[in-house]
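Visitor: Given next are the chains, with one letter for each unit.
2 protein chains.
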Amino acid sequence: MSQLEMRAADIQNGETTVTVGALATPALLLDKERLHRNLNRLSSRMAARDVVLRPHMKTAKSIDVAQCAYPSGPGPITVSTLAEAEYFARHGFRDMTYAVGLAPHTAERAMRLRKAGVDLKVLLDSREQAIILGAAGRAAGVAPSAFIEIDCDGHRGGLTAEGSELIAVAAAVAEAGVDLAGILTHAGESYGLRARAALVSAAENERAVAVAAAEALRTAGHECPVVSVGSTPTAHFAEDLAGVTEVRAGVYMFFDLVMHGVGVCTTDDIAISILATVIGTKPEKSWILVDAGWMALSRDRGTAAQRVDQGYGLVCDLSGKVYPDLIVAQVSQEHGILAMRSGSTQALPHLPIGAKVRILPNHACATASQHDLYNVVSDSSDAIEARWPRMRGW
Amino acid sequence: MSQLEMRAADIQNGETTVTVGALATPALLLDKERLHRNLNRLSSRMAARDVVLRPHMKTAKSIDVAQCAYPSGPGPITVSTLAEAEYFARHGFRDMTYAVGLAPHTAERAMRLRKAGVDLKVLLDSREQAIILGAAGRAAGVAPSAFIEIDCDGHRGGLTAEGSELIAVAAAVAEAGVDLAGILTHAGESYGLRARAALVSAAENERAVAVAAAEALRTAGHECPVVSVGSTPTAHFAEDLAGVTEVRAGVYMFFDLVMHGVGVCTTDDIAISILATVIGTKPEKSWILVDAGWMALSRDRGTAAQRVDQGYGLVCDLSGKVYPDLIVAQVSQEHGILAMRSGSTQALPHLPIGAKVRILPNHACATASQHDLYNVVSDSSDAIEARWPRMRGW
Numbered sequence: 000m001s002q003l004e005m006r007a008a009d010i011q012n013g014e015t016t017v018t019v020g021a022l023a024t025p026a027l028l029l030d031k032e033r034l035h036r037n038l039n040r041l042s043s044r045m046a047a048r049d050v051v052l053r054p055h056m057k058t059a060k061s062i063d064v065a066q067c068a069y070p071s072g073p074g075p076i077t078v079s080t081l082a083e084a085e086y087f088a089r090h091g092f093r094d095m096t097y098a099v100g101l102a103p104h105t106a107e108r109a110m111r112l113r114k115a116g117v118d119l120k121v122l123l124d125s126r127e128q129a130i131i132l133g134a135a136g137r138a139a140g141v142a143p144s145a146f147i148e149i150d151c152d153g154h155r156g157g158l159t160a161e162g163s164e165l166i167a168v169a170a171a172v173a174e175a176g177v178d179l180a181g182i183l184t185h186a187g188e189s190y191g192l193r194a195r196a197a198l199v200s201a202a203e204n205e206r207a208v209a210v211a212a213a214e215a216l217r218t219a220g221h222e223c224p225v226v227s228v229g230s231t232p233t234a235h236f237a238e239d240l241a242g243v244t245e246v247r248a249g250v251y252m253f254f255d256l257v258m259h260g261v262g263v264c265t266t267d268d269i270a271i272s273i274l275a276t277v278i279g280t281k282p283e284k285s286w287i288l289v290d291a292g293w294m295a296l297s298r299d300r301g302t303a304a305q306r307v308d309q310g311y312g313l314v315c316d317l318s319g320k321v322y323p324d325l326i327v328a329q330v331s332q333e334h335g336i337l338a339m340r341s342g343s344t345q346a347l348p349h350l351p352i353g354a355k356v357r358i359l360p361n362h363a364c365a366t367a368s369q370h371d372l373y374n375v376v377s378d379s380s381d382a383i384e385a386r387w388p389r390m391r392g393w
Numbered sequence: 000m001s002q003l004e005m006r007a008a009d010i011q012n013g014e015t016t017v018t019v020g021a022l023a024t025p026a027l028l029l030d031k032e033r034l035h036r037n038l039n040r041l042s043s044r045m046a047a048r049d050v051v052l053r054p055h056m057k058t059a060k061s062i063d064v065a066q067c068a069y070p071s072g073p074g075p076i077t078v079s080t081l082a083e084a085e086y087f088a089r090h091g092f093r094d095m096t097y098a099v100g101l102a103p104h105t106a107e108r109a110m111r112l113r114k115a116g117v118d119l120k121v122l123l124d125s126r127e128q129a130i131i132l133g134a135a136g137r138a139a140g141v142a143p144s145a146f147i148e149i150d151c152d153g154h155r156g157g158l159t160a161e162g163s164e165l166i167a168v169a170a171a172v173a174e175a176g177v178d179l180a181g182i183l184t185h186a187g188e189s190y191g192l193r194a195r196a197a198l199v200s201a202a203e204n205e206r207a208v209a210v211a212a213a214e215a216l217r218t219a220g221h222e223c224p225v226v227s228v229g230s231t232p233t234a235h236f237a238e239d240l241a242g243v244t245e246v247r248a249g250v251y252m253f254f255d256l257v258m259h260g261v262g263v264c265t266t267d268d269i270a271i272s273i274l275a276t277v278i279g280t281k282p283e284k285s286w287i288l289v290d291a292g293w294m295a296l297s298r299d300r301g302t303a304a305q306r307v308d309q310g311y312g313l314v315c316d317l318s319g320k321v322y323p324d325l326i327v328a329q330v331s332q333e334h335g336i337l338a339m340r341s342g343s344t345q346a347l348p349h350l351p352i353g354a355k356v357r358i359l360p361n362h363a364c365a366t367a368s369q370h371d372l373y374n375v376v377s378d379s380s381d382a383i384e385a386r387w388p389r390m391r392g393w
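Residue numbers (numbering that gives the first Met the number 0), protein chains in the order written: chain A, 0 to 393; chain B, 0 to 393.
Some hints could be false.
You can't tell identical chains apart in this list, so a pair holds if it fits in one copy or across any two.
Here are the computed lysine to any residue pairs in the SDA-like style, where the Cα-Cα straight-line distance is at most 20 Å [said to hold, decoys possible]:
#1 284 to 188
#2 114 to 343
#3 281 to 188
#4 281 to 140
#5 114 to 377
#6 281 to 152
#7 31 to 241
#8 114 to 384
#9 281 to 130
#10 114 to 194
#11 320 to 94
Please keep in mind that the hints were generated in silico from the structure rather than gathered at the bench.
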């Protein structure tokens, strides 16, 4: 049976006593206590600064996780695909930002959601997109709402806060009959940092550029109600959010080894891991083979450029305790090769055929996306408490 | 609507006239003519050498593709997960090799399939696995059949052909009541080659090691009916297959930029691509932004170590014609940044918002796995001829 078939069968049978150790592998585990701790950490931080937190659902892609973030009912979220927007709309979410630049087909599809009563705001950074969106709104009989994307650190799209193009795009937005929701920026370059001072500075730059863009629009006579910034590192290191109205972040829910390398979390905060089984050993090479390759872990090598390269993941025992320096050194599609980190003085642990390990991921968004469901566990029990499906596609 | 919902809706509506240009993006395209050409190329090559071709379904994961390989009914296949084995068994396939090392839970699950009449052979390289498999067979009331994995190039698991351990494992297999199907090896290191002579030599090494292992077993009194080798590069470069009874390969059906870099195919042979839409431009950086990031392309950077680094993919126009030197230089989750290859003398093409491109993948297995279905196209028409679902999971 596939994972989803097993899930359906378990539900039918009222099965509740599957333990972590008895799970077929590879499998995605989600530690609920760590998830709640991570959610509370950032939501408390934002509440203390009187700023709206708009969680990015691109990492979790799960209504069950969204309900952990919003236990008393749907709140504002960010999405990375319109399939996510449609999925969360079906589950009652109404206030969403689609934070990927607009194309003609996504404009039409977004307007269908808006027509259905979802306050879906979209993103653009050109006059062409404003015209496309205006036309899509008129065709659907709705008034579109859009953010103008601002580039705060040169990593992707967006306009600069100072240029005349920002004002020209805002004018095109108004001309096209589109409501200007505000400006939106993302400090993507912060993922490459490590020093606390540099992270604080990246957060301040993100804030300052966003506020400057909003002020430039207001000076030119445009309303700019929302000033939206965000990335997991800057959200956790921002000391001042004056002028910012909302913060977006996604990977903070789960954290991962890249975020650990940036210095935002400890390995004990990482809420997801991949359960794997030993399927071979190669004593002459000090290798242990497991049944988690790139299909289960993803090809993400985000720690390769960091101070500590974690290979394709850091290995823990079945209870989640890290084996110091034991990493997934190589992967093929369904094989992972565990080996000690180069230069380690630790001994390779004895892990016979059939032994189970947990692997902490480099990049939670990429690793989770390789799986159809979360096996929900907690630090305090070895039972699978629930199985939460993930959505995928576009 | 999600891709799968659209597919269901299209089928209900009898919709047959969706064109490539009208498809929502990102989307996975499969060129049926190229697929058939690739399938015929290797099956003719193997037939001429009187060797069984056992296609590896880990790349395609699709019954429709398997039926292109076997138009007159199911034949022998290789699978990388037991979910694949169960999926193909539901579609009538009976002769399968699960080419990943055995663990206790997969032994039990494999024996359930065997009990259901599927001739599923498994893989092991240790005495422990032989004992586990024998016990699983007895518990299920079936006689298991296993290959012993041979290591021909040091890239992963398996035993050497000369060592005493091979004979000891064969003895343990017999002792456990397991039928010895034969030996199996995979020249994984061939993916790192480029020169024709080196590829021919890797193929000959794979053959020679496999045959030596089979002969060592036969000398020790074991039958070794099947001598199974394979990788896409060695399958295409082997000059002599004396003593080999079957060849396994998977990525040859689609090919990809890594195989192009190895020298096994041209870019015109690559049968899958990702359709993407331009969502922004950054003229000051000579960047074009598209809506295909690592979620649509995968994080695979297999060409990074090759002579020509293709970034995250090589860009073609809507009809599939390569834009020389235009690659996906950077990706984030749902964004790709197109740029000219460093040092190129070509001009960046003019691609406005809404323009569509096709992106050839580094690694077909990884890129296809990011999608739930193939949009089947052909060189001679711009219509989507069919939508073929893919299976996933373990």
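Visitor: Each hint: holds or not?
Guide: How the hints compare with the structure:
Within a single copy, residue 284 and residue 188 get their C-alpha atoms only as close as 38 Å, which misses the 20 Å cut-off; across copies the closest is 16 Å, which meets it. Within a single copy, residue 114 and residue 343 get their C-alpha atoms no closer than 59 Å, and across copies no closer than 46 Å, so neither meets the 20 Å cut-off. In the homo-oligomer, the alpha carbons of residue 281 and residue 188 lie at most 20 Å apart only across protomers (17 Å), although the nearest pairing inside one protomer, at 40 Å, exceeds that limit. Proximity of residue 281 and residue 140 under a CA criterion of 20 Å is satisfied in neither setting, with 65 Å inside one chain copy and 32 Å between copies.
In this assembly of identical chains, residue 114 and residue 377 lie within 20 Å of each other by CA distance neither inside one copy nor across copies; the values are 41 Å within and 37 Å between. Only between protomers do residue 281 and residue 152 lie at most 20 Å apart by alpha-carbon distance; the minimum there is 13 Å, versus 46 Å within a single protomer. Taking identical chains as interchangeable, the C-alpha atoms of residue 31 and residue 241 are never at most 20 Å apart, the minima being 33 Å within one chain and 57 Å between chains. In this assembly of identical chains, residue 114 and residue 384 lie within 20 Å of each other by CA distance neither inside one copy nor across copies; the values are 38 Å within and 32 Å between.
In the homo-oligomer, the alpha carbons of residue 281 and residue 130 lie at most 20 Å apart only across protomers (19 Å), although the nearest pairing inside one protomer, at 61 Å, exceeds that limit. In this assembly of identical chains, residue 114 and residue 194 lie within 20 Å of each other by CA distance neither inside one copy nor across copies; the values are 46 Å within and 59 Å between. For the identical chains of this complex, residue 320 and residue 94 are neighbours neither inside a copy (39 Å) nor across copies (41 Å), given an alpha-carbon limit of 20 Å.
Violated hints, in rising order: 2, 4, 5, 7, 8, 10 and 11; the structure is consistent with all others.
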